[in-house]
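Full structure from sequences and hints, please.
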Amino acid sequence: MIPYYYLASVALIVIGIYIVIAKKNLIKIIIGLDMMDTGVNLLLISIGYVKGGTAPIENGNYTLYVDPIPQALVLTAIVIGVSVMALALSIVIGLYKNTGSLELDEIRRERK
Amino acid sequence: MNWIFLILEIFGYIFIGIGSFFLLLASIGLLRMPDVYNRMQTATKATTLGALSVLFGIGLLDLNWMPKSLVIALFILLTAPVGASALARASYKAGIALWKGSVVDKYKEEKEEE
Amino acid sequence: MDLFTLVSLILIIAMLIAAVVAAEIKDLLSAAIAMGIVSLIVSILFYILQAPDVAITEASIGAGLSLAIMIFAIKHTERWEK
Amino acid sequence: MKRILGGVIAVLIFIVLALAFVHIPFGNIDLAEYHYYNPVDNEHTQDSVPQHYLDEGKKETGSTNIVTAVVVDYRGFDTLGEVTVLFLASTGVGSIMYIFEKEKRRKVRRANAVVETASKLLFGFIILFGAYIFVHGHLTPGGGFPGGAVIASSFLLLYLAYPRFHAEHKNLNIAESLAGLTFVGVGILGLFLAGYFLYNFLPFGLPTYLFSAGVIPVIYVAVGVKVGSELTGIVDAMMGVRE
Numbered sequence: 000m001i002p003y004y005y006l007a008s009v010a011l012i013v014i015g016i017y018i019v020i021a022k023k024n025l026i027k028i029i030i031g032l033d034m035m036d037t038g039v040n041l042l043l044i045s046i047g048y049v050k051g052g053t054a055p056i057e058n059g060n061y062t063l064y065v066d067p068i069p070q071a072l073v074l075t076a077i078v079i080g081v082s083v084m085a086l087a088l089s090i091v092i093g094l095y096k097n098t099g100s101l102e103l104d105e106i107r108r109e110r111k
Numbered sequence: 000m001n002w003i004f005l006i007l008e009i010f011g012y013i014f015i016g017i018g019s020f021f022l023l024l025a026s027i028g029l030l031r032m033p034d035v036y037n038r039m040q041t042a043t044k045a046t047t048l049g050a051l052s053v054l055f056g057i058g059l060l061d062l063n064w065m066p067k068s069l070v071i072a073l074f075i076l077l078t079a080p081v082g083a084s085a086l087a088r089a090s091y092k093a094g095i096a097l098w099k100g101s102v103v104d105k106y107k108e109e110k111e112e113e
Numbered sequence: 000m001d002l003f004t005l006v007s008l009i010l011i012i013a014m015l016i017a018a019v020v021a022a023e024i025k026d027l028l029s030a031a032i033a034m035g036i037v038s039l040i041v042s043i044l045f046y047i048l049q050a051p052d053v054a055i056t057e058a059s060i061g062a063g064l065s066l067a068i069m070i071f072a073i074k075h076t077e078r079w080e081k
Numbered sequence: 000m001k002r003i004l005g006g007v008i009a010v011l012i013f014i015v016l017a018l019a020f021v022h023i024p025f026g027n028i029d030l031a032e033y034h035y036y037n038p039v040d041n042e043h044t045q046d047s048v049p050q051h052y053l054d055e056g057k058k059e060t061g062s063t064n065i066v067t068a069v070v071v072d073y074r075g076f077d078t079l080g081e082v083t084v085l086f087l088a089s090t091g092v093g094s095i096m097y098i099f100e101k102e103k104r105r106k107v108r109r110a111n112a113v114v115e116t117a118s119k120l121l122f123g124f125i126i127l128f129g130a131y132i133f134v135h136g137h138l139t140p141g142g143g144f145p146g147g148a149v150i151a152s153s154f155l156l157l158y159l160a161y162p163r164f165h166a167e168h169k170n171l172n173i174a175e176s177l178a179g180l181t182f183v184g185v186g187i188l189g190l191f192l193a194g195y196f197l198y199n200f201l202p203f204g205l206p207t208y209l210f211s212a213g214v215i216p217v218i219y220v221a222v223g224v225k226v227g228s229e230l231t232g233i234v235d236a237m238m239g240v241r242e
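As they're listed, the protein sequences go chains A, B, C and D. Position one of the first sequence corresponds to residue 0 (numbering that gives the first Met the number 0), numbered consecutively onward. Position one of the second sequence corresponds to residue 0 (numbering that gives the first Met the number 0), numbered consecutively onward. Position one of the third sequence corresponds to residue 0 (numbering that gives the first Met the number 0), numbered consecutively onward. Position one of the fourth sequence corresponds to residue 0 (numbering that gives the first Met the number 0), numbered consecutively onward.
Hints in this document: simulated from the structure, not taken from any laboratory.
Computed footprint of chain D on chain B; a stretch qualifies when at least three of its residues, placed anywhere within it, have a C-beta under 8 angstroms from a C-beta of chain D:
#, segment
1, 67-78
2, 81-92
Below 25 angstroms or equal to it, Euclidean Cα-Cα: the simulated SDA-like pairs (lysine to any residue) are:
#, chain 1, residue 1, chain 2, residue 2
3, A, 50, D, 48
4, D, 57, A, 49
5, C, 25, A, 108
6, A, 96, D, 165
7, B, 44, B, 87
8, D, 119, B, 70
9, D, 119, B, 75
10, D, 119, B, 39
11, A, 50, C, 13
12, B, 44, B, 10
13, D, 58, A, 57
14, B, 44, D, 112
15, C, 81, A, 93
16, A, 50, D, 18
17, A, 23, A, 97
18, C, 25, B, 91
19, C, 74, D, 156
20, C, 81, A, 91
21, B, 92, C, 35
22, C, 81, A, 86
23, C, 81, A, 87
24, A, 23, C, 36
The beta carbon of each residue, even a glycine, is placed where N, CA and C say it ideally should be.
Have a look at this one:
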């Protein structure tokens, strides 16, 4: 059976890589980085899934649980991701205030 | 006293059915309506009623969930109209025109009176 | 095909469509909103994969705060990609 | 040209990653089947790490929610590092946006009266919900990180409803510093009392009760306040409204 969750998260990562390579707008590139972040989180969580398992909160009725370690990793990674994204966006705002443009080509031309 | 719970369960499923029907109407209206404001009206009014009915039905199915579902219903009742009004106002200010068949524009009249 | 597979496939297809829209559209505001839709669907997928903690976090941060921060940034700069 | 190149590279990466990941079984993992290699004794033990957390986590940490046990207790030092990264990012956003705040003042437009009233009414409830999430982090899904995010989103609601609203930076700094001090102080107290940093020195109590799991609720409340104040600071800096 095809593991479609892995394929979907790999597709998210690859769309992010495509945005970072092909686009020249800085905010678009940050959207691509955020998308790669989301894809990696989905990949980690789906690797930890156990079929028929429940969430790792013990309430006495179940014995089969999913893997708790990727969830603990991703829980902190999401918060770090949004704060780093805010930092990158503030740097982009600084560049825009100084050069008047968001496109990488024009910013590079401005420097010369 | 088993038949009371049976009746409650039947009423719960009836409420869930009514709610799903209103949600279905709301989604059909979302596709059929001509402009932003009409769409927002179906999407809020019908959805509020549908969601409240579904929540009340779930509360009837298991009486332990009744307080929780009533609190959730209260918050939907508080937030959905506010969000809809803010969205409608923002789209009016952004310059989205009314549908050509619309006849009442209270907001514009109020602006002109000021 | 059980219910798990069906719901997952529908959500994954919607997520990929939103991701492609976020990649290709010229309007940065629309791209940011499409990114918020991707985050929201991913949070539902987390819930399906039995990770409620991560689902709460992703729904409140990915679809709420990060979208708001990105919209503020677009407001400080310009809206259209050249 | 760049688009075609990017597309080709993306498709190649997709093929490679898909071929790599298609061999990992989805959902068929038996957690007890992982064999953990113990380098000290040079042997393979039967008990894998996730299975050990699931079996013994409630006994060793007192927390019902195993994810919370992993985040706060088993890997508490890692969480301290994460909170530090968050603090640095928030400081960076504040200091970069501070340079530009004098130049351009945003045009202030009053919000709707409906929105103002409703946000005044809902603000307290959203704060209460965030506090509920991080106080019950060891019993129900949630914890410090989502609770802090919910609190920051309640402040975001106030920022959207009242354009002149401005959270006092001094109070945010005080809340954040106190939370950080609580986290580190609990860790150092464990070091003094039991010999390990972040040792769970309080009594565990009965599981599934609010006052259980030792220091885990204390640390999670501190993390919640810290994340909430830092994300509020980020929103405040990115909004860029000064009067």
